[in-house]
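Enquirer: Let chain A serve as the given structure and place chain B on it in line with the hints.
Letter by letter, the chains look like this.
2 protein chains.
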Amino acid sequence: MIKVGIIGVGTVGTSVAQILKDNADVISARAGVDIVVKSGVVKNLNKDRGLDITLTNNVDDILDDSEIDIVVELMGGVEEAFEVVKKALKSGKAVVTANKALLAYHRYELQSLAKDIAFEYEASVAGGIPIINALRDGLSANHIESIMGIMNGTCNYMMTKMTNDGVAYDDILKESQELGYAEADPTFDVGGFDAAHKLLILASIAYGIDAKPEDILIEGIQNVTQEDISFAKEFGYAIKLLGIAKKDGNEVELRVHACLIKQEEMIAKIDGVMNGISVVGDKVGETLYYGPGAGGDATASAVVANIIDIARSGKSTPMLGFDRPMEGSKLTLKATQNIESKYYLRINVSDKKGVLAKITKIFEDNNISVETMLQRPASQDSANLLISTHVAYERDIQAMIKEIEALDFVNSTPVMIRIV
Amino acid sequence: MIKVGIIGVGTVGTSVAQILKDNADVISARAGVDIVVKSGVVKNLNKDRGLDITLTNNVDDILDDSEIDIVVELMGGVEEAFEVVKKALKSGKAVVTANKALLAYHRYELQSLAKDIAFEYEASVAGGIPIINALRDGLSANHIESIMGIMNGTCNYMMTKMTNDGVAYDDILKESQELGYAEADPTFDVGGFDAAHKLLILASIAYGIDAKPEDILIEGIQNVTQEDISFAKEFGYAIKLLGIAKKDGNEVELRVHACLIKQEEMIAKIDGVMNGISVVGDKVGETLYYGPGAGGDATASAVVANIIDIARSGKSTPMLGFDRPMEGSKLTLKATQNIESKYYLRINVSDKKGVLAKITKIFEDNNISVETMLQRPASQDSANLLISTHVAYERDIQAMIKEIEALDFVNSTPVMIRIV
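From first to last, the protein sequence lines stand for chains A and B. The first sequence runs 1 to 420 under UniProt numbering. The second sequence runs 1 to 420 under UniProt numbering.
Pulled out of the complex, with its shape left as it was, chain A reads as follows:
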């Protein structure tokens, strides 16, 4: 019998205990052994969770319990969780976590600490979708060319509603908060930080490259308006928040931002709160993984799959998928300014003579070539210029935006969305 201790019995933790009980028949058949939750750590011992497991508010009751084989870390946060899982590994207990922030900061230290002990984290990226499994095992024969993913259900829900129902950003944000899809402070989701944590984890498995959230380009969806969405529709695009990892020679781009993406792409067809991750391998080509990125049961499904894996075979795969120096030792993170992309820009200008000519000149001066341009009235005396460009360097676009912003007939900072 395998005994599990859960540190943090909230929504996901309760689901983990419930699944291990509800589905004990298939789980024990698949694991080859019975798996039970022995105890759980909670902050508030007085709240009834409807579970028949021993609850404690002392983490050490689990860490020091020699009967417990697997510690499930669902407490969240970075440093405190790091101390807890280190202690668990030191006492020889396998660890399963859903904590993406912990991994975004400490995955390489954990990889070396967990040398011979299983440390699994399927639920940390894209909830119920077994994307870690796919990338680390299923696609292991490939050099990964790119990963492109809808990794945040909140943003995808908001973009879908703005696209399908014509709702304004502020209204759909309020609705998402009421539905429980977005937090009271939504920055972590809508600012792209949640997706960035997940992207960093996937990039380590794919490339062995190390980076922290502060090293990479992270932008959110806060500036997207109905104007942008109608431009996107007109030219056959959807707007999505994507996490992108892309290898280019010996460099890897890592970035999270809103994107215009052609409607024919599979990833553009993923709507609502669902997540989807497209991976291109040099041998297999494109594969895509779709499913629920959040929710207690979906996330717990991934946690329990890790528990079953460990029960089956202990440690069967290196934590990040490699045991010897990987490509990462040769690869470097591409500087943001060297990223190449097509761009979409929305520039609000006063409706005066000569404006278009001046703007066009600035594009040319910065080596940026315009693909399409639309002018639409924004108010009685201002207009929006909606412009898409051919491929350009990020540094050139940024310099140009500064130049444009400084013009007296430009009313606000131009909004830029990258096109993939």
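By construction, these hints were calculated from the structure, which means they are not laboratory data. Computed from a predicted model, the values in this text were never measured in an experiment. There's no promise every hint is true.
If several chains are the same, the list does not tell them apart, and a pair holds so long as it fits within one copy or across any two.
[Said to hold, decoys possible] Lysine-lysine pairs mimicking DSBU-like chemistry, simulated, CA-CA at most 35 Å apart:
id	residue 1	residue 2
1	330	86
2	38	330
3	246	161
4	3	246
5	246	21
6	315	86
7	358	262
8	330	21
9	21	212
10	330	3
11	315	246
12	115	3
13	21	115
14	86	43
15	330	315
16	21	315
17	330	87
18	38	115
Expert: Chain B in isolation, oriented as in the chain A frame:
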């Protein structure tokens, strides 16, 4: 160092050898050990494959070679391949195969023969998509409610072209044969048999249920016409060949046939030669896996992933994903006649008075309720009735079709396509 022997160095076998060489850097980092192909078995020793491995035309040169750790079986066929892999397992060699027909017939025998030895078969279903991995490991916490998949790229290519370009079935079949997507005798693909082999493999992992191809409902796409496709479009459906496994109480339905499926479903959005498999678990909900279902490199990507898995950890998972009696011991195969579905029918009738009334009466007599009905001229003196029904039993539909076929004003066997 791990040494591999490849039995059957054709398109996929050549790709396997090539990938192990081309991607040796990431492969050895991920496997923790170098992997090389020592030798391969071919029928014709004179053909140059551009590979620097020893070739032989004697299978025993590999089976008796004590240096070879992993045998890759790519010879195809059922009984001969079965003998070869049995011999490999007996001599303690791990086996990797892409042979779906072998597994469709012998997977349970192989599961017991391979008790302590790794036997892997990721490439046998959906080529480069790691669906075995997902179902056996990633979703192991779930009771599987259903599997619904586009498992045959040839059929999906043909249906997509018929839908998008208005091409007739015979023309697109000819084009598919010229492109190499379809065989000279296309029955194995267009008749649904290829998809059925794959479905049986997935159903074993999901349910532990045993069945052979001859036990289940298998139909192809041969009767689909432009008439059906235009009906489908008009009512918001796509037509796809699907493999379906569905649990209903203590019974499991297993069936392969053309389907009308709502265009909003993710699986309906998968076009061209691509494969896609949707799995619904009781805890995780729907996840979907998309990618190339065929092709030398894509298939070899899955074969090499299995080799890496074995190099990492030997046997880490039971072959079919369970060690103790699974649900399959409680579950039985649902009799085809008891399947419930909505149906679409195309009935070619002589254009006479009273025809509609008589047909409608027969629907009623068989407990089948009509949802929509269209009548369209087919020739100068005949018409097609295009009818969709509410949910009905397969036995009632089949009885009704016989009754309708016998009517003197009905010109040919009615065509029926199930709606999912």
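Enquirer: Could you tell me which of the hints above the structure violates, numbers in ascending order?
Expert: none
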